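Let chain A serve as the given structure and place chain B on it in line with the hints.
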Amino acid sequence: MKLLFELNGVPQYLDVEPGERLLRLLRRLGMKSVKEGCGTGDCGACTVLVDGRAVRSCLMVAPQVQGRRVLTLEGLGSVDDPHPLQQAFLDAGAVQCGFCTPGMILVAYELLQGNDDPSPEDVRKAIAGNLCRCTGYVKIADAVLLAARWKQEGKWR
Amino acid sequence: MSGVHARGVRRFHFARDVEEALSLLAAYEGRGALLAGGVDLLRSLRVDIEGLIDITRIGLSYTKEARGGLAIGGTTTLTSILESRAAREYGGGILADLLHRVAVPPLRNMATLGGALVSAHPWADIPTALVALGAEVRWQGEKEGRVPVEELYQGPFRGLFRQAVAIEVLLPPWDGAFAYEKVGRTGYDIALLNACCGVGVEGGRIAWARVAVGARPDRGERLPWAEEALIGQRPSQTLWQEVQDLVAKRIEVGDDRRASGAWRREVAGVLVERALARASGRAGM
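Heads up: the protein sequence lines correspond to chains A and B, in order. Take 1 as the starting number for the first sequence in this note's numbering and just add one per residue. Take 1 as the starting number for the second sequence in this note's numbering and just add one per residue.
One chain only, chain A, in its complex shape (with noise of 0.2 Å):
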């Protein structure tokens, strides 16, 4: 069936099938970021955000995309120019292994979206549902606060 979305800001208008789960579709187009932890919807390491929320893209098959905007970590910032909050989790040492990393810059995305003097205990909240296998989520919590006071200092573009 035809499918027309948005990804990363670039309107897409593809072939799918019915039952392609978004994950897939994502990574057939080249998201590499969105990996595929456990594939039953506890890991959190497919996270992307459609319509600005965070999903699960590994329990939605792509027709349910249609017409929506699906951001990835492809679309927040890249290796040249990373988002300030890739670049909080880099200066605070919350990246070791890297693979929940996507998920769990794209929830903090989310909660920043709409809170911009989240507590500690908001940001444990928030990343409660990605789960790290490294780092022990310290210098992950510490990197969100991190990314909020450089967006309260007007430091985010």
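Don't read these hints as lab results, they were simulated from the structure. Take the hints with a grain of salt, since some may be wrong.
Unchecked claim - Under 8 Å between C-beta atoms, here's a sample of chain A residues computed to sit facing chain B: (1) 20; (2) 21; (3) 35; (4) 37; (5) 41; (6) 63; (7) 129; (8) 131.
Claimed, not checked - Stretches of chain B that chain A covers, calculated by requiring three or more beta carbons in the stretch to come under 8 Å of a beta carbon on chain A: (9) 10 to 20; (10) 102 to 115.
What the hints assert, rightly or not - To list a few chain B residues with every Cβ distance to chain A over 12 Å, as calculated: (11) 27; (12) 43; (13) 51; (14) 65; (15) 120; (16) 146; (17) 151; (18) 261; (19) 274.
Quick caveat: nothing in here was measured; it's all calculated off a predicted structure. All residues carry an ideal CB built from backbone N, CA and C; glycine is no exception.
What follows is chain B alone, placed relative to chain A:
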């Protein structure tokens, strides 16, 4: 849904209204499924499902005041309920209390209230609370009607949603407040046991009380004898502790792989005591 595809799916439809959703569903003769948030459906999609019928774009996503209580559309996401002004005040803030304890933000962005009722996992948080709140669900299938959530999983209504859409959930007004309590292995895991209690006071005495306990491991049910023990009494910490002891003595619980019946019996009393204490605090007693 493991692998890269929902294997058997051949067609995907956006229903334009409830009638179209139902006629598409009927045409698939058991090999079609209604899709809202998809959290449960797509997690373990039956391999014989050929058609998915999306019902999220037919105007069933809303939270509004109705007859002094609330009406919440079947495809309303849990996040959207949490963000609605109408839901914030209802029942002393019970919906925020409850929904913040259900799963994690990205799953709350997807999961719908109707979906929670249709899936009806026995350990689920939402059915226990809706039973305590006296919620009804309005449904439409070949016929249409309303049924209390309390009766939804019994006798004639069992399996209702195989051929019907959960149109909206109706929450009655309560002059008092509710509180929700849950114990899981982690902050966001499914419940090992959950409880929802509500109380209202008139002239210094408890005028009404609602006590429901779920994940026993069976689905949430009211404990009428606990409610009777509260009505007419003066609210006090001593009373909540008496009810705690009563619940621990009389509640029907069982073992499963998650917890023993003996543990559940002990903890059920504690959760009811905590919920009553918090609800009465919110009701300004």
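List of violated hint numbers, smallest to largest = 3, 4, 8, 12 and 13
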